[in-house]
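Order-wise, the sequence lines are chains A and B. Numbering follows the working numbering, in which position 52 of the first sequence is assigned residue number 52; successive positions increment by one, without gaps. Numbering follows the working numbering, in which position 28 of the second sequence is assigned residue number 279; successive positions increment by one, without gaps.
Treat the hints as calculated values from the structure; they're not laboratory data. Do not rely on the hints blindly, as some may be mistaken.
Facing chain B, according to a computed beta carbon distance under 10 angstroms, are these residues of chain A, among others [unchecked claim]:
no.	residue
1	Q69
2	S172
3	V175
4	F178
5	V189
6	T190
One side only, chain B facing chain A, incomplete, derived with CB under 10 angstroms [what the hints assert, rightly or not]:
no.	residue
7	F255
8	E320
9	F327
Yeah, the Cβ is synthetic: ideal placement off N, Cα and C, and Gly gets one too.
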Amino acid sequence: MLALEFPPINEILRWQDVFPSFNKIAIIAVAAALIGTLIFLIAGNADGSKAPRGVRNLAEAIVEFIEGQIIMPTMGRDGLGWTPFLLSIFSFIYLCNVPGIIPIIQMPATARMAIPLFLSLLVWIVFIGVGFKHQGLGYLKSSLFPPGVPAALYILVTPIEFISTFLVRPFSLTVRLFANMLAGHILLVTFALLTESLVQGGNIALVPVGILPFFMLVFLTAFEVLVAFLQAYIFTILAAVYIGGAAHPEH
Amino acid sequence: MEAFTILAQEADKAAAAASSAGFAYGLAAIGPGIGIGYLVGKSVEAMARQPEAAGMVRTTMFLGIAFTEALALIGFVVFILIGL
Numbered sequence: 001m002l003a004l005e006f007p008p009i010n011e012i013l014r015w016q017d018v019f020p021s022f023n024k025i026a027i028i029a030v031a032a033a034l035i036g037t038l039i040f041l042i043a044g045n046a047d048g049s050k051a052p053r054g055v056r057n058l059a060e061a062i063v064e065f066i067e068g069q070i071i072m073p074t075m076g077r078d079g080l081g082w083t084p085f086l087l088s089i090f091s092f093i094y095l096c097n098v099p100g101i102i103p104i105i106q107m108p109a110t111a112r113m114a115i116p117l118f119l120s121l122l123v124w125i126v127f128i129g130v131g132f133k134h135q136g137l138g139y140l141k142s143s144l145f146p147p148g149v150p151a152a153l154y155i156l157v158t159p160i161e162f163i164s165t166f167l168v169r170p171f172s173l174t175v176r177l178f179a180n181m182l183a184g185h186i187l188l189v190t191f192a193l194l195t196e197s198l199v200q201g202g203n204i205a206l207v208p209v210g211i212l213p214f215f216m217l218v219f220l221t222a223f224e225v226l227v228a229f230l231q232a233y234i235f236t237i238l239a240a241v242y243i244g245g246a247a248h249p250e251h
Numbered sequence: 252m253e254a255f256t257i258l259a260q261e262a263d264k265a266a267a268a269a270s271s272a273g274f275a276y277g278l279a280a281i282g283p284g285i286g287i288g289y290l291v292g293k294s295v296e297a298m299a300r301q302p303e304a305a306g307m308v309r310t311t312m313f314l315g316i317a318f319t320e321a322l323a324l325i326g327f328v329v330f331i332l333i334g335l
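Given only the sequences and the hints, what does the whole structure look like? Please build it.
Below you can see the structure in the form of structure tokens.
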């Protein structure tokens, strides 16, 4: 039989602490924040009168993507003022996700609960704040008592709306990002372990079989490139939808 | 002798936890699986009928996938909480 020892969950998610409570995740998160800031600082200082090249080209492509693909379809023209906020959320999440597939580092910082939780609480506070700023106390009325519902049904609808808007939204934003990245990470660990134990297990007959999980590992790594981008995109577009919905209630 | 029974009970508990975690994730994956398949199928149909609306359909499709997928992911979190 194969002796496949799956490491405990703590072992695949933690490195040795560099300083007390400052581990790999924190280093990746700080690096992601710094790299993101650096890219846009360099791009902002580049000469804007010539054709963009290098870092500025990249930064312009990202900004255009945020404006064209995320803000315009969800918030419309009024939402363009939210570009800096959504841009920083997008680039931070993407740069936190991508280390999951970079060799040697191989740990998405968003696979721990803390970073997604912090980001979605931020979005939660922002969209509730925007709702009260744009509509005053009418925000509670428009979100808890949706128009076009018979009065007797409010007994049912209001608690459901309260739970889904104010409690489930931050929870589902957190869990979506966290669980996607954690699932991808555990999949990669599983297939890497399987390959290792088949090839180095000491049984010559099993070595050719080890090619199969290895191909799966390569394929899943390519898949994680897609997931890293897609999760950053989905988090940002949901934040845009929530903020847009709080600013302009449907009638 | 007593130690053996305690050990056996612990092993039973671990096995029960592992299999119920497996069941939890399997059950949680059925609904979202059907849902995402249906959703993407319909979106492809819409894009094929009206290629000029493809961008809008794609955005809405991703939103729908995000909401549907959340159920499966909550199942995955439950799997980790019980199983590991």
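Can you give the numbers of the hints that this structure goes against, from lowest to highest? 5, 6 and 7
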